[in-house]
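I would like the entire structure built from these sequences, with the hints used as guidance.
As given, the protein sequences belong to chains A and B, one line each in that order. Counting from -15, one number per residue, gives the positions in the first sequence under this note's numbering. Counting from 1274, one number per residue, gives the positions in the second sequence under this note's numbering.
Please note: incorrect hints may appear among the correct ones.
[As the list claims (entries may be wrong)] Among the chain A residues that face chain B by a calculated CB cut under 10 Å, a handful are:
| hint | residue |
| --- | --- |
| 1 | I(-13) |
| 2 | A(-1) |
| 3 | T69 |
By construction, these hints were calculated from the structure, which means they are not laboratory data. Fair warning: this is a prediction, and the values are worked out from it, not measured in the lab. We treat Cβ as the ideally placed atom computed from N, Cα and C, and that holds for glycine.
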Amino acid sequence: MTISDLSPWFTVPAAVLLVAGALLTLVGSLGLLRLQSFYARMHSPSMGSTLGTACTLAASMLVASGLDGRPVVHEVLISLLLALTSPMTSIVLMQAARARSQPH
Amino acid sequence: MNVVFDWTVWFAQMCFLLAMGCATVRLILGPRAQDRVLALDTMYVNGMLSMLMLGIRSSTTIYFDIALLIALFGFVGSVAASRFLLRGEVIEP
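This is the structure:
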């Protein structure tokens, strides 16, 4: 079974989730490019790495479940990993930025 | 119907590519080192998502393992670079 004979019950929600996730990630990266200061730029990529990733992984899970004919949930692992590690990176990077911007 | 889904996957892949381009421009421009670390952090998330798009398009599960490894090692790299900026060394004695 290939992707061309998936039923619309899988492809339509997967398409909506894919467009939502892709646009969220793109807007987050555009914010990284366009915003002015570092502390403003810190906020925007987290939109892509939380909600954009969650939408894309849900779409991938739907397509994999439709292809295998059984529930495939191993994409939850990436989602859990990113949800745990992305705030940790932000905290350490923000501490580094604050320490580097203080006058010595 | 599935032609529409193929175009959707293509659109999402182009969006992630454009997002990686934005992160690359910030990586080159970035006034200070913390901007560059943030751009690399964004770039690995976008690369992982475009690997998932390749996995949807080719309907195999090998790309899932690649995406998992990119997520794991990207986090380790970002935290190591941030710790280096914070303390001047990665692993403290």
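Right, here's what the structure says about each hint:
1. I(-13): holds (5 Å)
2. A(-1): holds (4 Å)
3. T69: holds (4 Å)
In summary, the structure agrees with every hint in the numbered list given earlier.
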